[in-house]
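Chemist: Spelled out, the chains give:
2 protein chains.
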Amino acid sequence: MAKAPRSLPPSVQRLIDAFAALPGIGPKSASRLAYYLLRSPAEQSMVLSEALRELKLRTRLCSVCFNITEDDPCEICADESRNTALICVVEEPLDVTALERARAFYGRYHVLHGVISPMNGVGPDDLKVNELLSRVSSGGVTEVILATNPTLEGENTAAYLQRKLMQSWPTGLSVSRLARGLPVGGDLEYADEVTLSRALEGRQKMT
Amino acid sequence: MAKAPRSLPPSVQRLIDAFAALPGIGPKSASRLAYYLLRSPAEQSMVLSEALRELKLRTRLCSVCFNITEDDPCEICADESRNTALICVVEEPLDVTALERARAFYGRYHVLHGVISPMNGVGPDDLKVNELLSRVSSGGVTEVILATNPTLEGENTAAYLQRKLMQSWPTGLSVSRLARGLPVGGDLEYADEVTLSRALEGRQKMT
Chain A
63 MAKAPRSLPP SVQRLIDAFA ALPGIGPKSA SRLAYYLLRS PAEQSMVLSE ALRELKLRTR
123 LCSVCFNITE DDPCEICADE SRNTALICVV EEPLDVTALE RARAFYGRYH VLHGVISPMN
183 GVGPDDLKVN ELLSRVSSGG VTEVILATNP TLEGENTAAY LQRKLMQSWP TGLSVSRLAR
243 GLPVGGDLEY ADEVTLSRAL EGRQKMT
Chain B
63 MAKAPRSLPP SVQRLIDAFA ALPGIGPKSA SRLAYYLLRS PAEQSMVLSE ALRELKLRTR
123 LCSVCFNITE DDPCEICADE SRNTALICVV EEPLDVTALE RARAFYGRYH VLHGVISPMN
183 GVGPDDLKVN ELLSRVSSGG VTEVILATNP TLEGENTAAY LQRKLMQSWP TGLSVSRLAR
243 GLPVGGDLEY ADEVTLSRAL EGRQKMT
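Protein chains in written order, with the working numbering: chain A, 63 to 269; chain B, 63 to 269.
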């Protein structure tokens with residue numbers, strides 16, 4: 063009767079497994095990637111292999127803002143032309159990249175490396191929260207912008223940080239949150255109810 | 063005014079570029095993968111890096127069927143319990159895996175490594191076509207199953223191979239094609255017209 067299906071060559075199977083362990087890559091895409099690389103010049107696999115090896119060897123967290131960097135302090139914290147009185151708190155390093163692309167913020171960042179999430183067992187001590195408080199307590203900071211994501215966990219984390227910050231500095235420190243509203247270029251018809259009600263609440267006078 | 067956006071650390075950017083060069087991975091997914099690996103233990107990056115490095119070092123094409131293998135001849139060609147009189151011709155190594163999973167074929171394979179595609183400048187000489195003809199001419203083969211994909215290019219390639227095979231062995235060699243029809247578990251209502259008309263043409267008597 064039917065025999066067990068032939069297994070793939072072990073080196074191909076190992077690569078498929080390693081690709082499939084990445085988020086958003088299923089077993090089918092993983093095989094396609096592996097066979098794509100088998101067909102491509104060896105150089106392409108080597109470039110990716112080398113980049114992966116160097117990733118962890120070369121990068122570290124900035125000791126000031128905890129963004130990913132090759133130099134400590136990072137390029138942004140080392141830039142003296144930036145406003146040191148303004149700290150923008152974000153969840154992940156990719157959020158820094160997004161905000162820098164918008165070219166609208168000239169202060170410094172603080173990367174939490176996650177959000178408070180009791181469901182996933184993540185508390186404030188698992189994030190760079192104490193580091194934020196000691197950065198603010200070292201003085202010179204006038205405003206903290208809480209730019210965590212507009213999700214339940216992001217909002218909860220922002221509320222927690224706001225409470226913590228206002229407890230220690232009830233006056234003299236401004237704590238703000240990014241505006242919620244309709245995305246530019248979006249269509250009112252397709253906006254969800256929560257976004258619409260936030261856009262109404264936060265409506266701005268036209269002058 | 064606005065400064066140029068801060069660039070990412072070079073080692074992170076290199077990894078993003080290497081991921082984005084893979085098919086089906088855009089720049090956004092590539093950054094997400096890179097930052098995912100930055101957060102994960104170094105071991106995960108190293109396993110993937112190593113698997114990529116070994117892929118090309120360990121694998122080669124089987125000198126008989128041109129499937130991807132670590133040993134030559136491959137496991138399937140080396141298996142003496144398989145029927146050597148039957149050759150199933152497929153486009154890619156992944157097709158061999160799919161057919162082996164079906165556990166319905168006990169002959170040997172021949173991997174073309176592509177299809178004839180004048181649009182992409184791929185002719186019969188770019189594929190393992192001559193190697194197929196010399197395999198058949200070396201004798202002992204009674205049937206060639208053309209299992210190229212049911213696409214325009216797959217059909218054209220099958221038609222070309224059939225002509226070539228019948229020219230050289232007008233008798234004594236049976237050339238067949240996988241059946242076209244409704245996929246098992248599919249819904250007649252959603253089948254396209256071409257599939258439906260092929261399913262009608264190929265209808266089978268119930269006994």
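It is worth saying that the hints were derived from the structure and are not from the lab.
A few of these clues could be false.
If chains are identical, the list can't say which one is meant, so a pair holds when it fits in one copy or spans any two.
Stated by the list, open to error - Result set (DSBU-like, lysine-lysine): computed pairs, CA atoms no more than 35 Å apart in a straight line:
| hint | residue 1 | residue 2 |
| --- | --- | --- |
| 1 | 190 | 267 |
| 2 | 267 | 118 |
| 3 | 226 | 190 |
| 4 | 190 | 118 |
| 5 | 226 | 267 |
| 6 | 90 | 190 |
| 7 | 90 | 118 |
Chemist: Hints numbered earlier in the text: which of these fail when held up against the supplied structure?
Modeler: 1, 2
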